[in-house]
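There are 2 protein chains.
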Amino acid sequence: MVGGGFAGLRFCQKVDTSQFQVVLLDRHNYHTFQPLLYQVATAGLEPSSITGPLRKLFKKRKNFYFRLAEVEKVASEESCVYTSLGQLDYDHLVVANGAKTNYFGNEQNYEGAYPLKQVSQALSLRNSTLRCFEDALIVSDPEEKQALLNFVVVGGGPTGVEVSGAFSELKNNVLPNDYPELDFSKMKVYLVEGSPRLLNGMSDKSHTDAMKALKEMGVEVLLSTRVDSYRDGEIQFSDGNKMKAKTLVWAAGVTGNVIKGLESFSSAPSNRLAVNQQNLVKGTDNIYALGDIALMVTEEFPKGHPQLAPVAIQQADLLVKNLKRTNKGEELKSFEYRDKGSMATIGRNRAVVDLPKNLHFKGILAWFIWMFVHLMSIIGFRNKAVILFNWIWNYFTYDRSIRLILRARS
Amino acid sequence: MVGGGFAGLRFCQKVDTSQFQVVLLDRHNYHTFQPLLYQVATAGLEPSSITGPLRKLFKKRKNFYFRLAEVEKVASEESCVYTSLGQLDYDHLVVANGAKTNYFGNEQNYEGAYPLKQVSQALSLRNSTLRCFEDALIVSDPEEKQALLNFVVVGGGPTGVEVSGAFSELKNNVLPNDYPELDFSKMKVYLVEGSPRLLNGMSDKSHTDAMKALKEMGVEVLLSTRVDSYRDGEIQFSDGNKMKAKTLVWAAGVTGNVIKGLESFSSAPSNRLAVNQQNLVKGTDNIYALGDIALMVTEEFPKGHPQLAPVAIQQADLLVKNLKRTNKGEELKSFEYRDKGSMATIGRNRAVVDLPKNLHFKGILAWFIWMFVHLMSIIGFRNKAVILFNWIWNYFTYDRSIRLILRARS
Numbered sequence: 001m002v003g004g005g006f007a008g009l010r011f012c013q014k015v016d017t018s019q020f021q022v023v024l025l026d027r028h029n030y031h032t033f034q035p036l037l038y039q040v041a042t043a044g045l046e047p048s049s050i051t052g053p054l055r056k057l058f059k060k061r062k063n064f065y066f067r068l069a070e071v072e073k074v075a076s077e078e079s080c081v082y083t084s085l086g087q088l089d090y091d092h093l094v095v096a097n098g099a100k101t102n103y104f105g106n107e108q109n110y111e112g113a114y115p116l117k118q119v120s121q122a123l124s125l126r127n128s129t130l131r132c133f134e135d136a137l138i139v140s141d142p143e144e145k146q147a148l149l150n151f152v153v154v155g156g157g158p159t160g161v162e163v164s165g166a167f168s169e170l171k172n173n174v175l176p177n178d179y180p181e182l183d184f185s186k187m188k189v190y191l192v193e194g195s196p197r198l199l200n201g202m203s204d205k206s207h208t209d210a211m212k213a214l215k216e217m218g219v220e221v222l223l224s225t226r227v228d229s230y231r232d233g234e235i236q237f238s239d240g241n242k243m244k245a246k247t248l249v250w251a252a253g254v255t256g257n258v259i260k261g262l263e264s265f266s267s268a269p270s271n272r273l274a275v276n277q278q279n280l281v282k283g284t285d286n287i288y289a290l291g292d293i294a295l296m297v298t299e300e301f302p303k304g305h306p307q308l309a310p311v312a313i314q315q316a317d318l319l320v321k322n323l324k325r326t327n328k329g330e331e332l333k334s335f336e337y338r339d340k341g342s343m344a345t346i347g348r349n350r351a352v353v354d355l356p357k358n359l360h361f362k363g364i365l366a367w368f369i370w371m372f373v374h375l376m377s378i379i380g381f382r383n384k385a386v387i388l389f390n391w392i393w394n395y396f397t398y399d400r401s402i403r404l405i406l407r408a409r410s
Numbered sequence: 001m002v003g004g005g006f007a008g009l010r011f012c013q014k015v016d017t018s019q020f021q022v023v024l025l026d027r028h029n030y031h032t033f034q035p036l037l038y039q040v041a042t043a044g045l046e047p048s049s050i051t052g053p054l055r056k057l058f059k060k061r062k063n064f065y066f067r068l069a070e071v072e073k074v075a076s077e078e079s080c081v082y083t084s085l086g087q088l089d090y091d092h093l094v095v096a097n098g099a100k101t102n103y104f105g106n107e108q109n110y111e112g113a114y115p116l117k118q119v120s121q122a123l124s125l126r127n128s129t130l131r132c133f134e135d136a137l138i139v140s141d142p143e144e145k146q147a148l149l150n151f152v153v154v155g156g157g158p159t160g161v162e163v164s165g166a167f168s169e170l171k172n173n174v175l176p177n178d179y180p181e182l183d184f185s186k187m188k189v190y191l192v193e194g195s196p197r198l199l200n201g202m203s204d205k206s207h208t209d210a211m212k213a214l215k216e217m218g219v220e221v222l223l224s225t226r227v228d229s230y231r232d233g234e235i236q237f238s239d240g241n242k243m244k245a246k247t248l249v250w251a252a253g254v255t256g257n258v259i260k261g262l263e264s265f266s267s268a269p270s271n272r273l274a275v276n277q278q279n280l281v282k283g284t285d286n287i288y289a290l291g292d293i294a295l296m297v298t299e300e301f302p303k304g305h306p307q308l309a310p311v312a313i314q315q316a317d318l319l320v321k322n323l324k325r326t327n328k329g330e331e332l333k334s335f336e337y338r339d340k341g342s343m344a345t346i347g348r349n350r351a352v353v354d355l356p357k358n359l360h361f362k363g364i365l366a367w368f369i370w371m372f373v374h375l376m377s378i379i380g381f382r383n384k385a386v387i388l389f390n391w392i393w394n395y396f397t398y399d400r401s402i403r404l405i406l407r408a409r410s
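These protein sequence lines map, in sequence, to chains L and G. Last residue of the first sequence: number 410 in this note's numbering, and the count goes up by one each step with no gaps. Last residue of the second sequence: number 410 in this note's numbering, and the count goes up by one each step with no gaps.
Check each hint, because a few of them may be wrong.
In silico contact screen, one side only, chain L against chain G (beta carbon under 7 angstroms); selected entries [as the list claims (entries may be wrong)]:
(1) Asn29
(2) Glu46
(3) Ser48
(4) Thr51
(5) Leu68
(6) Ser79
(7) Leu323
(8) Leu355
(9) Leu404
(10) Ile405
These are computed hints drawn from the structure, not numbers from a lab. Ideal Cβ placement from N, Cα and C applies to all residues, glycine included.
Please take these sequences and the hints and turn them into a complete structure.
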């Protein structure tokens with residue numbers, strides 16, 4: 001099992017370890033609840049609240065092993081994985097190492113942009129953001145000062161909407177207390193989306209409501225606009241405009257984290273591993289792919305399923321059952337995605353929720369649904385309690401208590 | 001005001017800003033509650049629980065400015081401070097930038113040792129400690145494995161006692177669940193002290209009780225022993241013995257953080273700034289030193305006062321009052337240390353407390369006193385609540401939830 005994300009975690013929790021010996025490989029010793037990473041980045045939550053140490057989660061599991069390791073290569077013809085700790089033979093290989101930030105294949109054009117897929121990246125963004133205001137205090141050149149106060153978020157999906165909303169809350173509620181000497185009307189938050197609408201994949205109503213809420217909160221939304229490059233702190237937009245900004249958050253798409261040795265099974269342009277409806281990687285007979293890395297094309301999803309946690313979890317469940325069925329000689333079942341809806345939060349009392357059957361909620365009710373679903377989904381009672389405490393605290397104090405600029409040395 | 005530690009914080013909170021314009025300089029944007037740093041290092045608490053963002057603490061203060069800056073030099077003849085942000089003239093300079101880890105002046109002999117004075121150092125120690133067990137799992141050479149499982153703490157003061165106690169709790173209660181494949185009887189915790197007793201500065205009873213408690217918890221205490229060098233992971237003890245250990249925590253003494261330009265006022269060997277009984281640095285007429293950096297020699301304290309938070313706080317209080325007295329033309333008062341007792345915690349239900357008048361407590365009562373005093377001393381209601389929650393949680397679950405190996409990038 002490669003990867004301790006949503007799919008990997010679910011698979012390891014459910015798989016029958018009396019029938020299979022399971023080795024989980026991950027390069028981190030913790031699972032990350034990615035939907036709340038943006039709150040770590042914007043000083044709302046601590047990393048420990050949205051993560052679960054993998055060893056702790058599986059401490060009661062028999063016939064189960066965790067190894068903190070980078071997977072370097074898969075030799076599919078020998079059924080062997082090469083890792084930073086040595087090699088490991090497998091009968092079945094389950095790949096669920098997710099997706100990584102995609103700069104349209106041109107990483108070198110976007111130097112200094114902040115991706116938001118890992119805890120370490122969220123902490124970097126947090127440190128850098130807070131640092132911007134300290135620097136803005138002492139810079140006298142107006143252009144340089146404005147660059148420090150420009151926050152540009154690229155990508156109008158849920159993450160982009162949530163990050164830009166959170167920046168605007170920092171601007172409106174939190175930071176003016178800290179920096180009475182700064183003029184916060186000069187802090188600008190931009191949300192840049194290449195398509196003509198926000199929250200693609202959600203309903204039109206969600207798009208409209210999110211647009212309205214972001215506008216009320218002071219976020220400038222630039223639709224049908226792309227960021228062509230970001231160099232030396234200067235953004236080149238597709239409409240020819242330029243802007244200097246110290247902070248550019250990249251939430252505009254992902255690409256598969258394809259492991260060496262499996263490239264021949266990945267399909268352009270999304271770089272995901274093509275799988276059949278049982279999540280078996282096409283062209284192999286003992287390698288499975290789950291979640292963001294898997295590309296399962298069906299009639300309903302000709303471009304593959306959305307890269308969301310529920311898909312990953314449901315695919316893991318199916319694989320666990322199909323492995324059992326194989327052992328019993330029963331017929332395998334095919335994956336059918338049960339869409340439970342999608343949602344995005346924008347700020348205090350503001351969110352949008354689409355449920356099946358065209359149900360749509362917005363505003364405070366949607367915000368409560370969003371909070372409830374996320375709180376219930378996160379692992380561990382302790383995390384639930386700590387997050388709830390933080391949310392209540394932040395709500396009533398209009399505060400973020402975690403605004404420390406710090407890093408571990410070496 | 002240089003330094004936002006106990007003295008700096010107290011001074012800035014109390015000083016009359018209608019009479020003085022105050023500029024606080026610190027290289028961090030937060031105050032650190034150092035007495036609990038060791039719990040951050042041993043995965044018991046999050047950094048945000050033991051710190052307070054300085055801007056937040058002073059957001060209601062008028063005529064007060066905070067600047068995130070390194071102090072590079074003091075030009076006392078020009079009454080000017082040179083910082084990383086530029087220069088600043090002063091009428092009065094208050095230096096309270098504390099002490100830093102002292103390797104007996106031979107830093108190069110102790111490469112790779114972990115000091116424990118800053119949050120970043122505590123996080124490094126935490127990351128490295130957790131990494132040791134991951135590595136111990138996969139190392140086959142027995143000598144190398146033992147080196148990963150040897151934890152050596154140098155210095156038998158409160159910090160050393162607390163860190164070695166916390167390591168032993170990780171060994172006895174927390175980690176065996178995470179690493180069922182490791183034999184934890186091989187994990188060794190050593191506490192090395194150069195003098196013949198622990199907790200110098202506390203009572204003999206405290207020494208005896210601490211020795212007994214540590215022994216019961218499985219810590220090996222080496223008294224009258226020094227660590228002469230630590231190179232390539234090998235410790236050279238003063239008694240001729242050698243030991244390989246991946247983790248060496250240095251809690252064996254501090255030296256003044258003397259700023260360039262003030263060297264001529266510092267006194268060997270402790271490198272503190274010699275001050276008179278009003279905390280005025282000797283040889284100057286407008287530079288004050290408070291707390292760990294100040295060396296005030298009196299009849300009762302011929303080697304200066306202990307480097308403890310209460311001394312720093314009481315000196316700050318006195319200086320605030322003396323500045324007022326100066327303005328009113330009244331006579332200045334001299335510093336008199338009111339010793340409120342000292343204490344050290346060792347582990348679950350174990351602590352030692354010395355109060356004035358030879359009162360001594362140990363065991364669970366002392367442990368409650370220790371917790372109560374620390375909880376009351378830490379700034380902010382939110383921190384109190386979060387720490388209390390964590391302590392209760394850790395106590396009943398025998399757990400540490402914060403065992404993540406992570407760091408901010410760049």
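Worksheet item: When the nearest CB of chain G is found for Leu404/L, is that gap smaller than 7 angstroms?
Response: Where the cut-off is 7 angstroms and the nearest Cβ of chain G is about 5 angstroms from Leu404/L, the hint holds.
Is the shortest C-beta separation between Ser48/L and chain G less than 7 angstroms?
The hint holds - Ser48/L has a Cβ within 7 angstroms of chain G, the shortest such distance being about 5 angstroms.
> Quick one, is the Ser79/L hint okay against chain G at 7 angstroms, beta carbons?
Replying inline: violated (21 angstroms)
Would you settle whether the hint for Leu68/L is holds or violated, based on the nearest Cβ-Cβ distance to chain G being less than 7 angstroms?
holds (4 angstroms)
- Item | Hint validity - Asn29/L Cβ closer than 7 angstroms to any chain G Cβ | OK, holds: Asn29/L within 7 angstroms of chain G, min 5 angstroms.
So, as I understand it, the hint says Leu355/L touches chain G; can you test that by seeing if any CB pair is closer than 7 angstroms?
violated (33 angstroms)
Can we keep the Thr51/L interface hint, with Cβ of chain G closer than 7 angstroms? Holds - the Cβ of Thr51/L comes within 7 angstroms of chain G, reaching about 6 angstroms at its closest.
A closest beta-carbon separation below 7 angstroms is what the hint needs, so does Glu46/L meet it against chain G? holds (5 angstroms)
**Study point:** Hint check: 7 angstroms Cβ-Cβ cutoff, Ile405/L to chain G
**Key:** Holds, because the Cβ-Cβ distance from Ile405/L to chain G comes to roughly 5 angstroms (cut-off 7 angstroms).
Report holds or violated for the interface hint on Leu323/L, using the least CB-CB distance to chain G and a cut-off of 7 angstroms. violated (24 angstroms)
Checked against the numbered hints above, the structure breaks hints 6, 7, 8 and satisfies the rest.
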